[in-house]
Amino acid sequence: MADAQFDSALDLLRRLNPRDTKQNVQAITSIVPDLTEDLLSSVDQPLEIRRCPKTNRDYLLCDYNRDGDSYRSPWSNEFDPPLDDGTVPSERVRKLEVAANEAFDVYRELYYEGGVGSVYFWDLDDGFAGVILLKKGVTPGAKSSGEWDSIHVFEATDRARMSHYKLTSTVILHLANESEALGEMDLSGNMTRQVEVDLPVESDASHVANVGRLVEDMELKMRNLLQEVYFGKAKDVVGELRSLSSLTEANKERANHAEMIRSMQR
Amino acid sequence: MASTVEVASSFIEGAPPGELADVVADVKSLTSDGPDILPSLAPAFERYNETQLATVKLPGASQEVLITEYNKLEGNRYFDVESQTSFEVDHVTQEASAAQSYVLESQNADLIKSLLKSLGAHAREHYRNCSYGVYPIENDSAVAIVLVANRYSPNNFWNGRFRSIYTVPVSSSSTEISGKIQVDVHYYEDGNVALNTTKPINLSVTSSEASAIMSRIAGAERDYQEELNRAFVQMAEGSFKGLRRQLPITRQKVEWEKVGGYRLGQDISGGKGR
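Protein sequences appear in the order of chains A and B. Residues in the first sequence are numbered consecutively from 1, following my numbering. Residues in the second sequence are numbered consecutively from 1, following my numbering.
There's no promise every hint is true.
[What the hints assert, rightly or not] The calculated lysine-lysine pairs, modelled on PhoX-like cross-linking and capped at a C-alpha distance of 25 Å, are: (1) B:K28 to A:K22; (2) B:K241 to A:K233; (3) B:K241 to A:K235; (4) A:K143 to A:K235; (5) B:K180 to A:K233; (6) B:K117 to A:K252; (7) A:K136 to B:K180; (8) B:K241 to A:K221; (9) B:K258 to A:K166; (10) B:K258 to A:K221; (11) A:K143 to B:K180; (12) A:K54 to A:K22; (13) A:K166 to B:K117; (14) B:K180 to A:K235.
Honestly, the hints are just simulated from the structure, not real lab data.
Work out the full structure, taking the sequences as your base and the hints as a guide.
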């Protein structure tokens, strides 16, 4: 029953307006409280930003750097509000996390030219796992806005001289526009993709490069996919609903064309 | 805290085009009452049907007729002008029954019939699949022109709906048309992407002839679709490009060995790393 309800909740969230995912998760958990933990850890929502009190740098909040009501800053490795016994990564994995944060900071500057990023790693029995978060918002006009949230969760499982990487990536993209001629237009949503691959590992430094390349390739693919769905597919469906050109003219032309082909085949 | 019925009602009313049955199945699974909750959700189904301009087939007929707030009679009965029929609707199952002959009594009956004819011609020109209606409203002092076009392709994970509603006060001289166009598209393959638009329409026509009114409306719908098509391009070239580049300005991908090792590239991050 619980599994069936979880599946129903995910199906419902895939159908209701993606702009309202946060409220809808709350609404579902208000009628089925047992689903709260599973939904919060498996439904991606736009990331919130917090300032690290120690380093004065912004970082992003998610379920993976949360312990109770506190969040761990990737810059200071400390929880806010402070926790005496908050869960932190092992020394080796924290070193990797620091390196990955520095690497993805360069990546963020090159691709996003701004925004906020955070990387969190944690230990697994046979390897480690992590999440790479990137967020950027723009307001090119008084009444137009855009917001991008990338959430890349991976597991790296140790194999001999190799590591098996499993990456699940979600991009949440909100776009809105409003003008006298256009009225209100809202184009919002999220898309998820997965990839699994074995890559050689010489030292711990290889992990950062491997994960970096995986995320970079995935984001390129997803950016192209989002472009296709948001500005191609959505526009095409509007054209399916309403034809700008006359349908009777189009049907006539099609009939003429078919007639011409038939006459050429005779 | 919101009650189960309130929460379930908001889900029903939020169902995207063509996916009401899927949302209902999810709601039944999520509520402890299961299917027993449906009767208490009837008001939500009614609001959904009327705002989304739901279509139902008349008993024994293939033709689809509209459920709107404008053709509502007593109880759950609605009427259709073209087929001169009134019918009862089960809002939960979206089924029509108990059809009866219905003769339109309106001082604007002639205008309504002419508008239906012009609207039908307009609909055939621009909508592959649509339903429409014209009804007397506001104590017979005005008419409502309603059109809905649906395209469902669940096998390809997309559904769409185009709605337009106009109210036209009937007077002898000039006519002020007001209304709105709404477009909703849902794409849900490996994700959930929604397009929702609302465009208020205000037009004046220096005639109360059906053909003049419909020609003005057709022009406004064309202008809006062209504006919407331009907005897709503007969003792609504006906000979207401003969020994330396709490639760094150098046209080179990141050299992860140089930025990702323990000897991290202070030379690369320059002053930007902080």
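Task: Violated hints - listed by number, lowest first - done: Failing hints, ascending: 7, 12 and 13.
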